[in-house]
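Asks: Sequence:
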Amino acid sequence: MTTQAKQDYQQLYQQAANAPETFWQQQAAKLNWYKAPQQILQQQDAAHYQWFSDGVLNTAYLALDSQVEQGRAEQTALIYDSPVTNSQQRFSYRELRDEVARFAGVLKALGVQKGDRVVIYMPMIPQAAIAMLAVARLGAVHSVVFGGFSAHELALRIDDAKPKVVLSASCGIEISKVIAYKPLLDDAINKAAHKPAHCVIYQRPQLKAELQAGRDLDWQQALLKAEPAACVPVKATDPLYVLYTSGTTGKPKGVVRDNGGHAVALHYSMQAVYNTKPGDVFWAASDVGWVVGHSYIVYAPLIAGCTTVLYEGKPVFTPDASAFWRVCAEHKVNILFAAPTAFRAIRKEDPEAALQQYDLSALRTIFMAGERLDPATYQWVVDKLQKPVIDHWWQTETGWPIAANPAGIALLPAKPGSSTVPVPGFNVQILDEAGQQVKANEQGYIALKLPLPPGCLTTIWGNDARFVDGYLATFPGYYASGDGGYIDDDGYLFVMGRTDDVINVAGHRLSTGEMEQIVASHPAIAECCVIGIPEPIKGQQPMALVLIKNGVEVDETILEAELVAMVREEIGALACFKKALIVKRLPKTRSGKILRKLLRQIADGSQYSVPSTIDDPASLPEIAQLMQARGLLSGS
1 MTTQAKQDYQ
11 QLYQQAANAP
21 ETFWQQQAAK
31 LNWYKAPQQI
41 LQQQDAAHYQ
51 WFSDGVLNTA
61 YLALDSQVEQ
71 GRAEQTALIY
81 DSPVTNSQQR
91 FSYRELRDEV
101 ARFAGVLKAL
111 GVQKGDRVVI
121 YMPMIPQAAI
131 AMLAVARLGA
141 VHSVVFGGFS
151 AHELALRIDD
161 AKPKVVLSAS
171 CGIEISKVIA
181 YKPLLDDAIN
191 KAAHKPAHCV
201 IYQRPQLKAE
211 LQAGRDLDWQ
221 QALLKAEPAA
231 CVPVKATDPL
241 YVLYTSGTTG
251 KPKGVVRDNG
261 GHAVALHYSM
271 QAVYNTKPGD
281 VFWAASDVGW
291 VVGHSYIVYA
301 PLIAGCTTVL
311 YEGKPVFTPD
321 ASAFWRVCAE
331 HKVNILFAAP
341 TAFRAIRKED
351 PEAALQQYDL
361 SALRTIFMAG
371 ERLDPATYQW
381 VVDKLQKPVI
391 DHWWQTETGW
401 PIAANPAGIA
411 LLPAKPGSST
421 VPVPGFNVQI
431 LDEAGQQVKA
441 NEQGYIALKL
451 PLPPGCLTTI
461 WGNDARFVDG
471 YLATFPGYYA
481 SGDGGYIDDD
491 GYLFVMGRTD
501 DVINVAGHRL
511 STGEMEQIVA
521 SHPAIAECCV
531 IGIPEPIKGQ
541 QPMALVLIKN
551 GVEVDETILE
561 AELVAMVREE
571 IGALACFKKA
581 LIVKRLPKTR
591 SGKILRKLLR
601 QIADGSQYSV
611 PSTIDDPASL
621 PEIAQLMQAR
631 GLLSGS
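Residues in the sequence shown are numbered from 1 upward in steps of one, following the UniProt record's numbering.
Keep in mind that the hints were calculated from the coordinates and are not lab data. Predicted, not measured: the structure shown is a model, and the values here were computed from it. Where a beta carbon is used, it is the ideal one built from N, C-alpha and C, also for glycine. Warning: the hint list may mix true and false statements.
As the list claims (entries may be wrong) - Derived DEER-like restraints, expressed as beta-carbon distance ranges:
| hint | residue 1 | residue 2 | range |
| --- | --- | --- | --- |
| 1 | Gly214 | Asn18 | 55 to 63 Å |
| 2 | Ala46 | Glu352 | 49 to 57 Å |
| 3 | Lys593 | Asp218 | 34 to 42 Å |
| 4 | Gln7 | Gln437 | 46 to 54 Å |
| 5 | Ala73 | Glu570 | 50 to 58 Å |
| 6 | Ala73 | Asp218 | 24 to 32 Å |
| 7 | Asn550 | Ala36 | 25 to 33 Å |
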């Protein structure tokens with residue numbers, strides 16, 4: 001680190017660590033509370049803490065009404081860009097506030113009040129953000145389910161959240177098809193034990209849905225007679241939303257986010273991490289069904305007075321690999337945030353970035369998160385765009401970045417493969433299996449010392465025992481992240497993947513993330529995944545599944561030999577890396593995460609179930625056949 005940058009960062013980090021109550025009271029004072037908190041941090045027991053417990057606020061008020069009062073009424077709040085429907089729409093802060101107030105009136109007329117749950121099952125259209133903010137306006141609790149999720153998965157969430165109302169749309173639109181949502185919603189309600197009193201359906205012109213008399217309302221018709229609803233004050237500790245994340249038991253976990261800590265943390269992160277100011281154009285290329293969409297499409301940019309971009313499209317094929325550059329140029333995007341998988345997809349289709357002919361002069365910084373950013377992808381984006389690329393790491397559970405290059409505090413020298421340093425407020429430590437801190441550069445379990453800062457999960461909806469057992473029991477006094485990694489001599493954090501992505505080769509614990517980093521650096525490879533497969537002598541051995549860049553021809557035998565040599569040189573013979581398989585596609589979730597556990601189960605010959613989150617189910621049998629043909633399946 002440069003001396004000054006390091007000092008600036010260390011000073012703020014120590015302030016947050018040594019006097020957290022003072023630090024977070026100062027951050028809270030930047031928001032427009034109905035009643036500013038005096039009780040900043042309260043410990044309830046060994047595992048539970050509350051932030052700002054006597055504060056009163058409304059999150060939708062902070063995002064909209066307060067911005068209008070501060071003179072941003074005519075500033076653009078939200079830009080909707082939809083290449084799949086060839087349409088765009090803009091909302092000023094005043095217009096978005098009025099739309100949200102009117103739709104909150106629709107919900108109020110249906111009996112929705114403070115504390116009630118509302119499930120939102122919608123595509124990436126403005127009405128999804130309007131729905132979230134309208135629920136928050138009433139002090140109710142929303143639970144957004146990714147549009148197009150299976151009826152079974154939606155039913156599980158309906159039964160867990162027990163919503164009074166479900167909000168949906170008639171359809172979602174993919175690259176080459178229209179997906180009817182209403183039949184999926186009807187099927188889910190039939191399967192669920194809990195029956196919502198009403199469903200409100202936004203009718204899209206591409207496909208009209210049939211409504212069930214007595215239960216279903218037409219969104220547009222309901223708005224015509226709606227009276228605007230006022231903001232309902234809530235306690236800082238009242239829940240804002242429940243967001244479901246996959247659990248190891250197969251039953252989704254409902255992460256609970258409170259109102260006060262969430263608003264303070266997101267406002268702080270927009271300044272400290274993303275280095276934004278009011279009026280900046282912020283684009284998180286995600287979906288409102290994921291935590292990134294909650295935090296950085298809807299709430300944080302609006303609470304920070306920015307313009308947010310809501311994009312209904314893909315990084316490629318809508319219409320081509322220049323989609324991201326077009327959006328950035330047209331809307332003068334200042335900050336772009338996307339998953340590494342998006343840039344790998346762009347790189348695969350357009351390896352020379354020949355389509356990047358747009359004016360990106362407004363774009364200051366690119367942020368990536370959601371999965372490991374391999375150095376090859378990092379370097380490609382830096383080389384092609386000549387902009388700072390910031391790898392940062394966080395989770396659904398934390399709701400905002402744990403580690404980042406804190407652009408708003410001091411831009412530190414980047415280290416490819418590292419998410420840089422812990423964000424002030426997070427105490428990140430590397431522990432061994434006994435819960436003891438390990439030395440610098442030694443790999444272990446990444447844990448966060450309690451109390452967690454504001455904005456992190458407070459419990460699991462309706463199951464606090466699962467919260468304690470799943471996150472806090474492994475290392476008493478710490479939140480167990482479930483990720484492994486190390487901190488180097490400079491204090492940089494390297495997240496090497498989920499702890500179940502560590503493979504054991506003849507007693508050596510090896511990170512598949514480290515091997516992926518090496519494999520991905522091969523010039524022919526667009527993307528890769530390394531998993532452990534059974535090996536009768538050593539227990540496990542690594543195998544790489546690789547995607548080749550478009551237009552590149554390779555001999556699989558020669559490529560495998562080159563990759564074996566690269567891994568041997570970087571890690572050593574103990575890695576026992578000997579297998580590489582060229583595949584057409586890797587099985588991923590809709591958010592772009594590779595389903596490594598599923599690939600391990602295929603290789604093991606274990607029974608597996610195809611998750612509802614999978615983007616391309618056909619990739620699984622293809623890979624199984626390739627493994628079988630190469631004799632790589634267990635028992636083959």
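Asks: If a hint holds in the structure, say so; if it does not, say that too.
Replies: Here is what the structure says about each hint:
1. Gly214 <-> Asn18: 55 to 63 Å: Between Gly214 and Asn18, where Cβ atoms are some 59 Å apart, the hint holds.
2. Ala46 <-> Glu352: 49 to 57 Å: Once the Cβ atoms are compared, 56 Å apart, the range 49 to 57 Å for Glu352 and Ala46 holds.
3. Lys593 <-> Asp218: 34 to 42 Å: Since Lys593 and Asp218 have Cβ atoms about 36 Å apart, the given range 34 to 42 Å holds.
4. Gln7 <-> Gln437: 46 to 54 Å: Violated, at about 24 Å.
5. Ala73 <-> Glu570: 50 to 58 Å: Once the Cβ atoms are compared, 56 Å apart, the range 50 to 58 Å for Glu570 and Ala73 holds.
6. Ala73 <-> Asp218: 24 to 32 Å: 30 Å, holds
7. Asn550 <-> Ala36: 25 to 33 Å: 56 Å, violated
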